[in-house]
Amino acid sequence: MPKLITGVGCPYCGSSCDDIECLVSDDGKKILETRNACVIGNEIFHHVSSPDRPTKPRMRQADGSMKEVSYDEAVDFTAKALIKAKKPLIYGFGSTNCEGMSAVARVAERAGAVLDNCASICHGPSFLAIFDNGYPSCTLGEVKNRADVVVFWGCNPMHAHPRHTSRYSIFPRGFFTTKGQMQRTIISIDPRETDTAKLADYHFMLNQGHDYELFDAFRTVLRGHDIPAEVAGCKREMIIEAAEKMRNARFVMIFFGMGCTHTDGRNHNVDIAISLTRDLNTHTKSSIMAMRGHYNIAGPGQVWSWQFGFPYCIDLSKGTRAHMNPGETSSVDLAMRDEVDCFVNVGTDAGAHWPIAAIKHVKKHPFIAVDPNICMASEISDLHVPVRVVGVEEAGVVYRMDNVPIQFKKVIDGPEGVPSDEEFFDRVYTRMCELTQTEPMWIPAKGHAKASSTSEH
Amino acid sequence: MAEILIKNGFVIDPSRKINGDVMDIAIKDDKIVDKVGSGAKVIDAKGKVVMAGAVDVHAHVAGPKVNAGRLMRPEDKLFKSPDAQEHYRMEMGFSIPSTFKTGYDYARMGYAFVMEAAMPPLHSPHVHEEIHDTPIIDEAALPVFANNWFVMEYLKNNEIENAAAYVAWIINATKGYGIKLVNPGGTAAWAWGLNCLGINDPVPYYDITPAEIITGLIKTNEYLGLPHSVHIHQNSLGDPGNYTVTLDSLKLAEGVKAKNKFGRDTVMHSTHIQFHSYGGDSWANFESKAKEVMDYVNSQKNITVDLGCVTLDETTTMTADGPFEHHLNNLNHLKWANVDVELETAAGVVPYVYDKNIKVCGIQWAIGLELGLYAKDPMRTFITTDHPNAGPFIRYPRIIKWLMSQKAREATLASFKYTDKVIDATNIHGIDRELTLYEVAQMTRNGPAKSLGLSHMYGGLGAGLDANVGVFNLDPKNMPSDPEMIEKALLRAAWFIKSGQIVVKDGEITNHGNKRTVWVNAKVKENPQVMRDINEKFLKNYTVAIGNYPVWDSLAPNPLVIDIDVEA
Numbered sequence: 000m001p002k003l004i005t006g007v008g009c010p011y012c013g014s015s016c017d018d019i020e021c022l023v024s025d026d027g028k029k030i031l032e033t034r035n036a037c038v039i040g041n042e043i044f045h046h047v048s049s050p051d052r053p054t055k056p057r058m059r060q061a062d063g064s065m066k067e068v069s070y071d072e073a074v075d076f077t078a079k080a081l082i083k084a085k086k087p088l089i090y091g092f093g094s095t096n097c098e099g100m101s102a103v104a105r106v107a108e109r110a111g112a113v114l115d116n117c118a119s120i121c122h123g124p125s126f127l128a129i130f131d132n133g134y135p136s137c138t139l140g141e142v143k144n145r146a147d148v149v150v151f152w153g154c155n156p157m158h159a160h161p162r163h164t165s166r167y168s169i170f171p172r173g174f175f176t177t178k179g180q181m182q183r184t185i186i187s188i189d190p191r192e193t194d195t196a197k198l199a200d201y202h203f204m205l206n207q208g209h210d211y212e213l214f215d216a217f218r219t220v221l222r223g224h225d226i227p228a229e230v231a232g233c234k235r236e237m238i239i240e241a242a243e244k245m246r247n248a249r250f251v252m253i254f255f256g257m258g259c260t261h262t263d264g265r266n267h268n269v270d271i272a273i274s275l276t277r278d279l280n281t282h283t284k285s286s287i288m289a290m291r292g293h294y295n296i297a298g299p300g301q302v303w304s305w306q307f308g309f310p311y312c313i314d315l316s317k318g319t320r321a322h323m324n325p326g327e328t329s330s331v332d333l334a335m336r337d338e339v340d341c342f343v344n345v346g347t348d349a350g351a352h353w354p355i356a357a358i359k360h361v362k363k364h365p366f367i368a369v370d371p372n373i374c375m376a377s378e379i380s381d382l383h384v385p386v387r388v389v390g391v392e393e394a395g396v397v398y399r400m401d402n403v404p405i406q407f408k409k410v411i412d413g414p415e416g417v418p419s420d421e422e423f424f425d426r427v428y429t430r431m432c433e434l435t436q437t438e439p440m441w442i443p444a445k446g447h448a449k450a451s452s453t454s455e456h
Numbered sequence: 000m001a002e003i004l005i006k007n008g009f010v011i012d013p014s015r016k017i018n019g020d021v022m023d024i025a026i027k028d029d030k031i032v033d034k035v036g037s038g039a040k041v042i043d044a045k046g047k048v049v050m051a052g053a054v055d056v057h058a059h060v061a062g063p064k065v066n067a068g069r070l071m072r073p074e075d076k077l078f079k080s081p082d083a084q085e086h087y088r089m090e091m092g093f094s095i096p097s098t099f100k101t102g103y104d105y106a107r108m109g110y111a112f113v114m115e116a117a118m119p120p121l122h123s124p125h126v127h128e129e130i131h132d133t134p135i136i137d138e139a140a141l142p143v144f145a146n147n148w149f150v151m152e153y154l155k156n157n158e159i160e161n162a163a164a165y166v167a168w169i170i171n172a173t174k175g176y177g178i179k180l181v182n183p184g185g186t187a188a189w190a191w192g193l194n195c196l197g198i199n200d201p202v203p204y205y206d207i208t209p210a211e212i213i214t215g216l217i218k219t220n221e222y223l224g225l226p227h228s229v230h231i232h233q234n235s236l237g238d239p240g241n242y243t244v245t246l247d248s249l250k251l252a253e254g255v256k257a258k259n260k261f262g263r264d265t266v267m268h269s270t271h272i273q274f275h276s277y278g279g280d281s282w283a284n285f286e287s288k289a290k291e292v293m294d295y296v297n298s299q300k301n302i303t304v305d306l307g308c309v310t311l312d313e314t315t316t317m318t319a320d321g322p323f324e325h326h327l328n329n330l331n332h333l334k335w336a337n338v339d340v341e342l343e344t345a346a347g348v349v350p351y352v353y354d355k356n357i358k359v360c361g362i363q364w365a366i367g368l369e370l371g372l373y374a375k376d377p378m379r380t381f382i383t384t385d386h387p388n389a390g391p392f393i394r395y396p397r398i399i400k401w402l403m404s405q406k407a408r409e410a411t412l413a414s415f416k417y418t419d420k421v422i423d424a425t426n427i428h429g430i431d432r433e434l435t436l437y438e439v440a441q442m443t444r445n446g447p448a449k450s451l452g453l454s455h456m457y458g459g460l461g462a463g464l465d466a467n468v469g470v471f472n473l474d475p476k477n478m479p480s481d482p483e484m485i486e487k488a489l490l491r492a493a494w495f496i497k498s499g500q501i502v503v504k505d506g507e508i509t510n511h512g513n514k515r516t517v518w519v520n521a522k523v524k525e526n527p528q529v530m531r532d533i534n535e536k537f538l539k540n541y542t543v544a545i546g547n548y549p550v551w552d553s554l555a556p557n558p559l560v561i562d563i564d565v566e567a
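Order-wise, the sequence lines are chains G and E. Everything in the first sequence is counted per numbering that gives the first Met the number 0, starting at 0 for the first residue and increasing by one. Everything in the second sequence is counted per numbering that gives the first Met the number 0, starting at 0 for the first residue and increasing by one.
Quick caveat, the hints were computed from the structure, so don't treat them as lab data. From the three backbone atoms N, C-alpha and C, an ideal C-beta is built for every residue, glycine too. Hints may be right or wrong, so weigh each one.
[Claimed, not checked] For the chain E half of the interface with chain G, some residues (derived, Cβ under 7 Å), not all of them:
#	residue
1	Q84
2	T98
3	V340
4	D481
5	E483
6	G546
[What the hints assert, rightly or not] Distance ranges between label pairs, derived from CB positions:
#	chain 1	residue 1	chain 2	residue 2	range
7	G	T5	E	K155	31 to 41 Å
8	E	E160	G	T177	23 to 33 Å
9	E	K416	G	T177	54 to 64 Å
[As the list claims (entries may be wrong)] Calculated lysine-lysine pairs in the PhoX-like style (CA-CA distance at most 25 Å, straight line):
#	chain 1	residue 1	chain 2	residue 2
10	G	K178	E	K536
11	E	K539	G	K178
12	E	K539	E	K40
13	E	K539	G	K317
Please work from the sequences and hints to get the whole structure.
Take a look at the structure:
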C-alpha cells in the first residue's frame, strides 16, 4: 500500500508551506502524488525521481569533458582546492537546510573563505536598511489572524509565492479576520499590472524607480502635511485615500520585494518603508516583512548571525575575526575585482543569476557546484557534486520568510550513496583537517547529530 | 574523563556552610566524590578560592530576538570582538555575542548553567539550534506563557487543570523548562498596539487581567510541581513610579505554598527587579525605590529575585515585552526590531547606551546595586544583568566588585556627570555594606540552583553533585585592596572544570566540554478537551502544522531530562 505522508514542507519559495501531503510508493523510494502544493512545488517533489538526475560527482577533464568520479575523490578535490586558495568564496544556500549551512560555516572558517548567500544579489539591500533602521515585523500568522490592510510593494506573490495569498495574506479567514478577503483592503504598488495588482483594491502604478518618493508621500500625508498633485505618477487623492485606509486600519501589513531592493533607491526604499511602518505604529498597529525568495534563504541570515554575528558577506579570511562590508565582501563585487581564487556554489545557481562578467572571473579558478540537479553552475563547473534534496530526501530546519523555524521532514530515501550537503561538507572538513594535520573541532561531540530528525514525533 | 583532585584551595560552598576552609575537592568522571585514587590529576589551588560552577538564572542568550539583535547590529562586532583563540571558533560581538563566544565567556567566568529566559514556543527549534551551537555550558529555556491565547482562555474560566495540561504540552513540545511570564496581558495587547500598565488593566478582547494571569499561572506551576517557580517579568517595566505595580504583583504570591519534589520552597521568581523599582512620576523626578521593594522581598520567604544591574555599557535591549521596546524606541530613536508571534507572544529589540553622563542611567545603576545591598537573604537574591538588557553578562564580575567594595562604588559614582543628582535620587552613597565571597557564592551558585530546583546537580561542591568547579585567583582571607583585582580574577578563572572536564585553564578555553540541554518532561493526565483545542487552533489560526511544531530530539543531542509525573 502506498503511504500518505502529511505535514510535509515544500522546498520551493519563502512561503515554506508545511501542509503538503505526499503519497509515497510501497518501497518508500518514489513520490506518486502530491497534494496542496502549488504547480512549482509539485514539480520539485516529482523531479527527484527523474531518471536524468545525477547521482555521482562529475569532474572536468583536460579535454573539457565531464567524467564521473567517486565521492571520496570529490571530497579530496574540494578540500585541496579550499586549502590551496587564498580567498575562496562559498556562496548560495537558498536551497539547503540549516544543518548544511552550519557544516559549510565550519569549513569556511577553517578555509579562511568568504561566506555569502543569495541575499547578496536579492534582499541584501534590505539587510542594509535593517542595519540602519531595524525591522518591526511579525510572523505570518499575525497577518492571517489580524491584518485588515495589506500592502504589496514591489512584489508579486501570485507568481513568485503562489500560495502566500491563500495561506497568509489575502484570502485566509483568521481569528479576527473571519471574513477573509472581504475584510481586507489590498494595496499593490507596482509599475506593472501584475496578477497581484489585479487582486488589489488600490493599485498604484507608479513610475518605475520612483518608490522612495511615493513612500515619502505616504509618510507626509500621515504626518498631516500636504503633497503635490502628483507623486511618482500617482494622484494625490488616491495617495491620501490609501493613507487614510492605513491610518484607520487595525493592523497594516507591508510586504516588499525585489521591486524595492532592485530598483533606484534600493536600501533607501526599504529604509523608508521601515520608517513608514514605524510612523504607522503611532496611529495603529503595523508590521513589515521582506518577501524572501527561497524556502530557507532566511536560514543563512539566522545561522551565520548566531555563529559570526553577520547575516551575509562574511569574510573569514583573516582567520581571527569575521568581517562584513557589503560592496567589499559581497560575492559579485569580489568576483568583479577578481579577488576570489576558488568558488564553491551550494544550493543555488550562480551561473544563472550572476552577471556573466562576474562568472567569467570566478571561472578562471577551481569552480565547484554542490547541487542536487543539473543547473548552469553545474555545467560550467570543474566539479559537480550531487546531493540529496532537502525537504524531500533530507530532513532539516529551515527558516520561513518571517524567520519562523520549520522542521522539514524527509519523505523518501535519497539515491543510494548520495550524501546530504551537511554530510558532504563534514567530510570535506574532516579531509581538510587530515591534510593539514589539525584536530577537527566539533560542537558538540559528533555522532549525536541528526539521530532522529527523520522520525516523526 | 578520569579523576581530578583540586588540592588546598579555600573552598566556599554555602550548600554545606563551608566558608573558606582549606580543603580538597575530588572528582571522578562527571561527579564530585569524597575521595579519589593516587593517580588522579592534581590541580594545585593553594592560595586560590574554589567555588561550584555558577548558575545564571536569567539571560537572553539564544533564540529569535537575541539573533535579531545580532543581525541588526553589525556595529556590536566592529572593534569589539577579540581575536579567536587558536584552534577555537571565532568570537564575535560584545553585548550580543555569537553562540561560540557566549559559551566560551561563560566558561571563562566559571559558569556551568545558564537559563535562556524567554523562548517563544513557535520559535523553539531556533532556540535549540542556538543552544546546540553554544559550547560547554549547560542550558535550559523558559517558554513564555502570559500572553498565550490558550492560557488566557483557560485562566479566564479558572480552568487550572486545563491550563496545566496545555502548559505541560508546550513544555514537552518545546523542550522547555518552566513557566515564564513577560508583561502579562500587555504583550497580548501589543498585538493591537496597546499595553497593560497595571495589574488590573483588562487585556483587550480576552476579558482577563494581568493579576488573574499571574495568579493562575502560579497555581498552574504548583499544580504541575515544576522544578522552578513561575518566572515573572512584571507589567510596567522601566516606567517611573512602577514600584507600586511591582509590589502589587509580588503580593499575589502571598500565602501560596510551593509544591514540588525538587527542594524549591519559593513560588515566584521576580526577574530583573532593578527595572521595576522606580519611583517618581517622570524622568525629571525619577528616583530609587529599591528599599521599599527589597524590604518587601526580605519579608516574604516564598519569593526570589534577580537584580538586573545596569553596567553602564552600550548594549542591546531585547524582551518579549513588545510594547516596552516600542516605548523605549520613542525615547532614544535608534533602530527598532519587533516580532509579534502568532497566538503566543511578541518581542522587541532596541540598542541602548547606558551613559554615565545621563542622570537616569546613573540612578538605574545605583538602584541595581542598592537592591543587592539591601538584600537580607542572599539565597533569594541573584546577580544578573538581564543580559543583554542592563548590560552584557561578562560584567557580572564588575557587579560583584561593586557589591563587594564601597570604594569601587564610590569611585564609579564620583565619575558621573551628575553625581549629586544621582545621590539625591538614591541611597547608594553611604551604604557601607560590602558583600562577602560567601554571600556572592549564595547569589550566583547555591541560591539560583535552589530556585531552579536544580540543587541536586548544581550550585554546590558536595559529593554526588555534578563536577562543576571553578578555581579563581583570589584569597578570601586576604582580599586584594584594589577592587579591580576582584573583577579580574572572576572574569577569567584559573581553572574551570565542567562535568569533570577541564575546560578552562588560566582563563583560556582548553576543551569544548560536554554541553547538555536541560528540559522538563511533564506527564499529565490525558486531557481530550485541551488536545482538541490545540488541534483546532493549529488547523484554524496557526500557520505551521502541528506535527512540525515539537522540537526534534536531534536539536538537543545531549539532553538532561527531568521527569515530572503529575498523576504520581
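Against the structure, the hints come out as follows:
With its C-beta approaching chain G no nearer than about 9 Å, Q84/E sits outside the 7 Å limit, and its interface hint is violated. A cut of 7 Å between beta carbons decides the hint on T98/E: the least distance to chain G is about 5 Å, and the hint holds. For V340/E, the suggested interface contact is upheld, since its CB lies about 5 Å from the closest CB of chain G, less than 7 Å. Because the smallest distance between the Cβ of D481/E and any Cβ of chain G comes to about 31 Å, over 7 Å, the interface hint for this residue is violated.
Because the smallest distance between the Cβ of E483/E and any Cβ of chain G comes to about 27 Å, over 7 Å, the interface hint for this residue is violated. The interface hint given for G546/E holds, since its Cβ lies 4 Å from the closest Cβ of chain G, which is under the 7 Å cut-off. A beta carbon spacing of about 33 Å between T5/G and K155/E agrees with the range 31 to 41 Å that was offered as a hint. The given range of 23 to 33 Å is respected by E160/E and T177/G, whose C-beta atoms sit roughly 30 Å from each other.
Between K416/E and T177/G, the C-beta spacing of about 56 Å keeps the proposed range 54 to 64 Å intact. With a C-alpha separation of about 17 Å, the suggested pair K178/G and K536/E falls inside the 25 Å cut-off, and the hint holds. The straight-line distance between the Cα atoms of K539/E and K178/G is roughly 13 Å, inside the 25 Å bound, and the hint therefore holds. Between K539/E and K40/E the CA atoms are separated by roughly 60 Å; this puts the pair beyond 25 Å, and the hint is violated.
Under the criterion of a C-alpha separation no larger than 25 Å, the hint pairing K539/E with K317/G is inconsistent with the structure, at around 50 Å.
Of the hints listed earlier, those the structure fails to meet are numbers 1, 4, 5, 12 and 13, in rising order.
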